[in-house]
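Participant: If you read the sequences in order, they're chains A and B.
Letter 143 of the first sequence, counting from 1, is numbered 143 in the working numbering, and no numbers are missing.
Letter 221 of the second sequence, counting from 1, is numbered 221 in the working numbering, and no numbers are missing.
Worth flagging that the hints you see were computed from the coordinates, not collected in a lab.
Careful, some of the hints might be misleading.
Pairs count within a copy or across copies, as identical chains cannot be separated in the list.
[Stated by the list, open to error] List time: in silico EDC-like cross-link candidates among lysine to aspartate or glutamate, alpha-carbon distance up to 16 Å:
#: 1; residue 1: K332; residue 2: E300
#: 2; residue 1: K38; residue 2: D309
#: 3; residue 1: K347; residue 2: E82
Number of protein chains: 2
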Amino acid sequence: MELLKDTIKRIEPVDSEAMEKARERQDDLTKPRGSLGKLEEISIKLAGIQGNAIPEIKNKVIFTFAGDHGIVEEGISAYPSEVTKQMVLNFLNGGAAINVLARHVNARVVVADLGVSGDIEAPELIVKKVGYGTKNFVREPAMTRAQAVEAIEAGIEIFNKQFRGAELIALGDMGIGNTTSSSAICSAITGRAPEEVTGRGTGIGEEAYRKKVTIIRKALELHKPEGRDAIDVLSKVGGFEIAGLAGVTLAAASNRVAVVSDGFISTTGALIAHTLNPDVSDYIFAAHRSVEKGHEIILEHMKLEPILDLNLRLGEGTGAALAMSIIEAGVKILREMATFSGAGVSKTVE
Amino acid sequence: MELLKDTIKRIEPVDSEAMEKARERQDDLTKPRGSLGKLEEISIKLAGIQGNAIPEIKNKVIFTFAGDHGIVEEGISAYPSEVTKQMVLNFLNGGAAINVLARHVNARVVVADLGVSGDIEAPELIVKKVGYGTKNFVREPAMTRAQAVEAIEAGIEIFNKQFRGAELIALGDMGIGNTTSSSAICSAITGRAPEEVTGRGTGIGEEAYRKKVTIIRKALELHKPEGRDAIDVLSKVGGFEIAGLAGVTLAAASNRVAVVSDGFISTTGALIAHTLNPDVSDYIFAAHRSVEKGHEIILEHMKLEPILDLNLRLGEGTGAALAMSIIEAGVKILREMATFSGAGVSKTVE
Chain A
1 MELLKDTIKR IEPVDSEAME KARERQDDLT KPRGSLGKLE EISIKLAGIQ
51 GNAIPEIKNK VIFTFAGDHG IVEEGISAYP SEVTKQMVLN FLNGGAAINV
101 LARHVNARVV VADLGVSGDI EAPELIVKKV GYGTKNFVRE PAMTRAQAVE
151 AIEAGIEIFN KQFRGAELIA LGDMGIGNTT SSSAICSAIT GRAPEEVTGR
201 GTGIGEEAYR KKVTIIRKAL ELHKPEGRDA IDVLSKVGGF EIAGLAGVTL
251 AAASNRVAVV SDGFISTTGA LIAHTLNPDV SDYIFAAHRS VEKGHEIILE
301 HMKLEPILDL NLRLGEGTGA ALAMSIIEAG VKILREMATF SGAGVSKTVE
Chain B
1 MELLKDTIKR IEPVDSEAME KARERQDDLT KPRGSLGKLE EISIKLAGIQ
51 GNAIPEIKNK VIFTFAGDHG IVEEGISAYP SEVTKQMVLN FLNGGAAINV
101 LARHVNARVV VADLGVSGDI EAPELIVKKV GYGTKNFVRE PAMTRAQAVE
151 AIEAGIEIFN KQFRGAELIA LGDMGIGNTT SSSAICSAIT GRAPEEVTGR
201 GTGIGEEAYR KKVTIIRKAL ELHKPEGRDA IDVLSKVGGF EIAGLAGVTL
251 AAASNRVAVV SDGFISTTGA LIAHTLNPDV SDYIFAAHRS VEKGHEIILE
301 HMKLEPILDL NLRLGEGTGA ALAMSIIEAG VKILREMATF SGAGVSKTVE
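So here's chain A without its partners, still in its complex pose (with noise of 0.2 Å):
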């Protein structure tokens, strides 16, 4: 509990004044003013997250972490929880989605195993398993208040050894059932019923999805998760990995390095994150808007705006990578443009 603590006092508010320094230089640019939109923003974020009106980014990891969910027995899933772990490999073989698209922005992907049902024999495996999945938290709790604590610690811990000086980290994520998991964490911590904040998934039918929709209500209703503790609603209806990614963001912020949530289920590790301390969410970019419709609901709550709509819903950590390129794009453009008066360029008639 105590890395927890420390790590949740040590996130700042960010640098308004590295921020204001970063917008004037946006204005110096070679380009009407404004004309590079959501780029100048991300920019401008970034500087104030960084303390630097020049912000830089040389490294870039991805946090890809797997757990199971003790709710898929109840049918709620198009894949059988065994999936988890052969996609773990798959992470580990570089023949995932993730690794394709890591490889492609130059980003390095730290897999890590929060909770497997099942053991995973590798080497660049990191393990921090808090338990072989979690409880079928529609009959009783998830996890206990230890192990939801031990997971975010897991996160944070794993953070501070791969990070290695990296300005831009990723959240991905890897579970079959999480995102009843997740839909049943954004229904307790945002007040929204469970029906507007459920989605197919990996993709279910009419009936399984009715039926996920029945089974978050129950769990709900019984356990009756208290929303501003985020250990609480962790404990009731979350997954470890989720937990293991709300201990990444914090880390993350309270070394003033940038993280990039990707879809659903990360989101839902940033909003546990955001409930602890609500000044995470200024270290936070939202890398698209996922089909699942939780999501959108949780980016409200945390006054994010995505950079990308792709219509993914993969997780992983997919869209985040592609994201970080553009968060990327952005920096460049301050760090590497002309100004005005140093290219020798008329500024504006009027």
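Following the hints, position chain B against chain A.
Facilitator: Chain B only, in chain A's frame:
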């Protein structure tokens, strides 16, 4: 005229069989079907363009064409015409936004003068000047029909000489006053009213904006361009760089090379190409949704869905450069991801 006619004639429909095979392959990759949304669609479209179920992108070129506009003397722009020349020099010195973003996505930039009003001394600049700026089209036609054809053919020639086997090319523009020409062209071809297709360009105030709309309406009433005759429209209210970009689009399609249109002006160039041969749309990726409102109308007309939405309104090919990287990501997904059988991942529980 022969070069233009031949180029148009050489454009073939895209390969639907290659697209079908690409779709099958996407469905066998280790991810839920369709979960990579637009990335999947992009790869399938490119398969059709290249006539190859597993398309490839090794080289990328951005064609940034410059030209001046006589209409600027009416006071409808925030910048004076000299800025066109100054910005061309900025492109050649590597200090403009397009240079930064092209470096970021590893694309080559080809800068050409299709009709800048002054002479530019620079060995790296491709000079295919059709005139020293167009005429003020609220008083007389912007150019002759012969000049319109000459400018399109200049674009074809530049493409043919400079694409050097690249599989993906982008359109970029520079020309003070060119949103006014683009709005007039858009109105003439799509039949939409001037006020529906006219925006604030580089950032003009309310008075200049009203003047801009009035001038476009006057010019269209004076010249009565025939919307189905692209050469007629170009000659009456066009621009040399816009015509050149239409030529690049036609030449790329005739070589089965994918084209990324950028914002309002370059997409107007693509619209001219589309009016000359509607098949070209299948070769075009719309990079982004520009702030300029006529852009959306052209995209609808050509049935194109933009990849990005970043509130850009700069031109130069900046949005197209960023979209090139997303298109490349889609292609890499198709080429590099593991299949279910190859990776030992269970396909589905249902």
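Participant: Have a look at K38 and D309 and pick one of within, between, both or neither, based on CA distance no larger than 16 Å.
Facilitator: both (13 Å within a copy, 9 Å between copies)
Participant: Is it within, between, both, or neither for K332 and E300, if the alpha carbons may be no more than 16 Å apart?
Facilitator: neither (28 Å within a copy, 32 Å between copies)
Participant: For K347 vs E82, is the C-alpha pair at or below 16 Å within one copy, between two copies, both, or neither?
Facilitator: between (61 Å within a copy, 11 Å between copies)
Comparing the model with each earlier hint shows a violation of hint 1 alone; every other hint is respected.
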